[in-house]
Amino acid sequence: MAPEPTTLLQGTLDLLILKSLVAGEKHGLGISRRIEQITGGTFQVKPGSLFPALHRMEEEGWISAFWGDSENNRRAKYYRLTKAGQKQLEAETQRWTRISWAIARALEAS
Amino acid sequence: MPLLPIIRSFVRNLFRSRQVESDLDEEIRSHLEMLTEENIRAGMPPEEAQRAARIELGGMDQVKEQVREVQIGNWIHSVLSDCRFAFRQFRKHPGFTAVAVLTLAFGIGANSAVFNVVDGVLLHPLPYPESDQLVALWLDAPGAGGLASFSTGLQLSPSMYITFSDHNETFQSMGIWTSGRANVTGVAQPEEVRTKVISDGILQTLQVAPLLGRWFSASDQDPRASKSIMLSYGYWQRRFGGDPGIIGRTLQVDAQSREIVGVMPRDFRMVDQDFDLLIPMGVDRNNQKLAPFGYDGIARLKPGASLAQANADIARLVPVWMDSWSNGPGTNPHYYDVWRIAPNFHSLKQQVVGNISSVLWVVMSTVGVVLLIACTNIANLLLVRADSRQQELCVRAALGSSRGRIARELLVESMVLSLTGGVVGVAVAYAGLRLLAAAGPAGLPRLSEISLDARSLGFTFLLSVFSGLFFGSIPVWKYARASAFRVIHSTERTATTGRARQQSRNLLVVAQVAMALVLLVSAALMIRTFANLRKVEPGFWNPGSLQTLRISIPDTAISDPLLVTRTQHSIAEQIAAIPGVTTAAFASAVPMEDGDPNWDQIGVEGKSYEGGEPPLRMFNYISPGYFQAMGTRMIAGRDFTWADIYGLRPMVIVSENFARESWGSPAAAIGKRVRQFSNMPWQEVIGVVQDVRVHGVDKDAPPIIYWPAMLNDPYTTKPTIDGPRSATFAIRSDRAGEQSFIAQLQRAVWSVNSDLPLASIRTMQEIYGRSLERTSFTLVMLAIAGSMGLALSIIGIYGVISYAVSQRTREIGIRLALGAQKRELRWMFVRSALALAGLGIAVGLIAASAMVQFMKALLFGVSPLDPWTFIAVPLVLLAAAMLASHLPARRASSLDPMMALRCE
Chain A
1 MAPEPTTLLQ GTLDLLILKS LVAGEKHGLG ISRRIEQITG GTFQVKPGSL FPALHRMEEE
61 GWISAFWGDS ENNRRAKYYR LTKAGQKQLE AETQRWTRIS WAIARALEAS
Chain B
1001 MPLLPIIRSF VRNLFRSRQV ESDLDEEIRS HLEMLTEENI RAGMPPEEAQ RAARIELGGM
1061 DQVKEQVREV QIGNWIHSVL SDCRFAFRQF RKHPGFTAVA VLTLAFGIGA NSAVFNVVDG
1121 VLLHPLPYPE SDQLVALWLD APGAGGLASF STGLQLSPSM YITFSDHNET FQSMGIWTSG
1181 RANVTGVAQP EEVRTKVISD GILQTLQVAP LLGRWFSASD QDPRASKSIM LSYGYWQRRF
1241 GGDPGIIGRT LQVDAQSREI VGVMPRDFRM VDQDFDLLIP MGVDRNNQKL APFGYDGIAR
1301 LKPGASLAQA NADIARLVPV WMDSWSNGPG TNPHYYDVWR IAPNFHSLKQ QVVGNISSVL
1361 WVVMSTVGVV LLIACTNIAN LLLVRADSRQ QELCVRAALG SSRGRIAREL LVESMVLSLT
1421 GGVVGVAVAY AGLRLLAAAG PAGLPRLSEI SLDARSLGFT FLLSVFSGLF FGSIPVWKYA
1481 RASAFRVIHS TERTATTGRA RQQSRNLLVV AQVAMALVLL VSAALMIRTF ANLRKVEPGF
1541 WNPGSLQTLR ISIPDTAISD PLLVTRTQHS IAEQIAAIPG VTTAAFASAV PMEDGDPNWD
1601 QIGVEGKSYE GGEPPLRMFN YISPGYFQAM GTRMIAGRDF TWADIYGLRP MVIVSENFAR
1661 ESWGSPAAAI GKRVRQFSNM PWQEVIGVVQ DVRVHGVDKD APPIIYWPAM LNDPYTTKPT
1721 IDGPRSATFA IRSDRAGEQS FIAQLQRAVW SVNSDLPLAS IRTMQEIYGR SLERTSFTLV
1781 MLAIAGSMGL ALSIIGIYGV ISYAVSQRTR EIGIRLALGA QKRELRWMFV RSALALAGLG
1841 IAVGLIAASA MVQFMKALLF GVSPLDPWTF IAVPLVLLAA AMLASHLPAR RASSLDPMMA
1901 LRCE
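Protein sequences, first through last, are from chains A and B.
According to the working numbering, the first sequence is numbered sequentially starting from 1.
According to the working numbering, the second sequence is numbered sequentially starting from 1001.
You may find that some hints are simply not true.
Claimed, not checked - No more than 16 Å apart at the CA atoms, straight line, and that leaves these computed lysine to aspartate or glutamate pairs for EDC-like:
| no. | chain 1 | residue 1 | chain 2 | residue 2 |
| --- | --- | --- | --- | --- |
| 1 | A | Lys83 | A | Asp69 |
| 2 | A | Lys46 | B | Glu1056 |
| 3 | B | Lys1302 | B | Asp1166 |
| 4 | A | Lys19 | A | Glu71 |
| 5 | B | Lys1349 | B | Glu1259 |
| 6 | A | Lys26 | A | Asp69 |
| 7 | A | Lys46 | B | Glu1065 |
| 8 | A | Lys26 | A | Glu36 |
| 9 | A | Lys46 | B | Asp1166 |
Claimed, not checked - On the chain A side, residues computed to face chain B include the following (Cβ under 8 Å):
| no. | residue |
| --- | --- |
| 10 | Leu15 |
| 11 | Glu36 |
| 12 | Pro52 |
| 13 | His55 |
| 14 | Arg74 |
| 15 | Ala76 |
| 16 | Arg80 |
What the hints contain is simulated information worked out from the structure, not anything from laboratory work.
C-beta: ideal position from N, C-alpha, C; glycine also.
Starting from the given sequences, assemble the full structure and let the hints guide the process.
Next comes the structure, spelled out in structure tokens:
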């Protein structure tokens, strides 16, 4: 796999995870379902991509983790946005907006 | 990116990995369970719900592995697990591991030991602050004949020092110094100690603060001032047990009371020489002539000043010096113009390192080559091993293990091997250094102090890493590219398709043989050199039965020169009376003794000289019987007698080459006359003796003038008797070197004068051996390296051929079954070994003929391209190749064809 699309994809996944956590702390499955929901089912995040991303983002300090109880009283690992994560989300949002505007403009051109 | 959380995660991943792992496990597990519940809620039956959840998850272990790969510090874990794996592999193959580790340990250890010496001696030889500013004041004087010697140039005179240091613009400080010996008396046993007589400016130039007390002050350098002295650390410890209250005490040095003003620190040496006492020179500014030129000069450049600027600066001052001083009324101060004195300053480091550097670089590159050979051997072993693991590697590649992963594992294995080799190598280096300290030439300064320091350990580490990378990368390069396709391929196993694989091993063997050839050629050249040096007739015989010792009589002890000679005469007689002594005599110096030789202008009667001045000749003062004691042959005429000496008869003995040069033949020299200066009396030649190689066996014998042990001093206007106050006694006896004999010698000397210490008590063999030291040291090092190279190449050839035999077992079986002759089969394998060796020899010969040019300075009486060496060494290697391949070849030919075919 060439590096360029990976970064883009990775950036996208990071952005989606951060965005999904704005509404409040969630466990892995919750994040996955939330992303499905807010993207209208366009993105289905597989655990094989989700968990590495979560752990990486936790190590970068954008999200923090803690153990809590799930809806069904099951012990689950929850993630929440940190201050750094908030900043990162803003930066990513800006970047993404710029890119999508540029792509859209490019596609409209005749 | 915030640093703190990263460090926190790193530490947690590294040190609480169990916790991290169980957290991960629980997280994934709970995810799976939640997925299952979700599916049940969606109406699936429980079993199907679980199955669907597992499908969505995509395998717990895979997910966990993917998470692990992004974790910070993950690589450490995997490298550690690779290391554990490597260690397991090594435990499974102890033979391979032991051979590899030992080979590496010797290769790396030898390099560390030699690096240590090179580092100490060549790279950091001067333990002075900002030592790159230090300059050796070397003067060229092509017109001064032998006075400007090869080893020191023209030394400085005190008047030069005064002019140069007063008027220069490029130096911070400057001084002159000379080595001497002094008798310390007034204690239980008189002792002769090594002194450095130093002018003002020397300590300021070297910039090493005293350990105790103070430096000499300007007033200590006043020739009329009270006498002071400084001690070396070693002398202070040895003589005064390191007494801190020593400052202010007095010491009787050459019967002169001197006050101790300071002690220098432990590692302080006068440039590159050890000493016991520092004595102020006390240069008398009001009483100097242009001559004598007997002092070494050192100076410290001003910051930013270059050697070229310094040379120009002093070149300007040479005429000023000639204008400022004279050699006495009626002499021409610009006489020295014919000497063409010109500054050619060196950095002090270059001066100190001098000729030992060629030896060390040769030795360093030699051990480097040995390590290279060792590495190729190990690379070969690893290739063989990787070959036998090929199936495993291919299967793993097919199952998705990345090439990088396999490459890393192979590399980690090599690194573990080389680092283990490095650790053992440190022990080898330590032992090697002890050996070097015991056997190294005296020209290796501070060898006794050398220990394995941080830099050497760092070097060893780097060497290990690079060795590991070097021999590890070869199998990686060959096998990390293994594709799934190879799996199928390799199931054919012992088919003869291994040709490509064999090729890289063959290449390594060729390289090995080539390198071994270079080493062996160098070693053989040194052996030839050593043999040539041993064949040289030094001008004395049987140095093992010749005892030498030196006795100095300061004028403070006996002032009358006649009495000095009489004392020396009676010492010689007392010694001759000891049972077992054949002859005892003395001279101002014996051949090959260190110390600066004496030079005089010698004119031959009836001969005119270019420029009007006769050349300088080396001279020695001798007593009657000296030649007999040394075993130097009398070629014509006769020796001095004591009657000649006490009669102050104007006589001289000359060396054979001087006689031939001046009068054509030794016999013609007898009765001819020579003299020193035009206004001095002629001296008659009464004898001609064999040439003596006074500078060492590898240096040509200079023409020498032998003056009687006592004569009229030619330098004074009124005749005064003069003779050498420091004399080396030459004693011919079969008991030379025995402790009881030395005790008897001591008693004999003290029966004449109990205040005279005996110094430099050694046999002529020791002095002679020292002049061969550099050669024998290089020889020993090269011989060790050469034999290691040879042994490793034999192992290499053996390994490759026996592997080829094992790979071709089936083919051999078929050949035998079809009726191949055993001899032909054997020859087939031996031939392939010879082909490899031949190729290696061809490459090696080309490399060697280039490399030996660097050894030129070390060779004597043998050309770098010595035909015997270049014929004999390849033959030895071919024989070795034959031997190494013969064993596996025999094994191949003695195979049972049925067994060989069945082994599939």
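### Task
So, His55/A near chain B? Judge it on the closest CB pair being under 8 Å.
At about 5 Å, which falls below the 8 Å cut-off, the nearest Cβ of chain B leaves the hint on His55/A intact, so it holds.
### Query
Are the Cα atoms of Lys46/A and Glu1065/B separated by 16 Å or less?
holds (15 Å)
### Task
Grab the minimum C-beta distance from Arg74/A to chain B and call the hint holds if it beats 8 Å, violated otherwise.
holds (6 Å)
### Query
Given the hint that Lys1349/B pairs with Glu1259/B, does the C-alpha gap stay at or below 16 Å?
violated (33 Å)
### Query
Does Leu15/A pass the interface hint, meaning its C-beta sits closer than 8 Å to a C-beta of chain B?
violated (17 Å)
### Task
Under 8 Å, Cβ to Cβ, is where Pro52/A needs to be relative to chain B, so tell me if that hint holds or is violated.
holds (5 Å)
#### Entry: 16 Å limit on alpha-carbon distance, applied to hinted pair Lys83/A and Asp69/A
violated (24 Å)
### Task
Given the hint that Lys26/A pairs with Glu36/A, test it: the Cα-Cα distance must not exceed 16 Å.
holds (14 Å)
### Query
Regarding the pair Lys1302/B and Asp1166/B, is the alpha-carbon distance no greater than 16 Å?
Status holds; Cα separation ~15 Å.
### Query
Does the CB of Ala76/A sit less than 8 Å away from some CB of chain B?
Holds, because the Cβ-Cβ distance from Ala76/A to chain B comes to roughly 5 Å (cut-off 8 Å).
### Task
Decide if the proposed pair is consistent with the structure: Lys26/A and Asp69/A, CA atoms, cutoff 16 Å inclusive.
holds (11 Å)
### Query
Can the restraint linking Lys46/A and Asp1166/B be considered satisfied, given a maximum Cα separation of 16 Å?
violated (87 Å)
Violated hints, listed in ascending order, are 1, 4, 5, 9, 10, 11, 16; each of the other numbered hints is respected by the structure.
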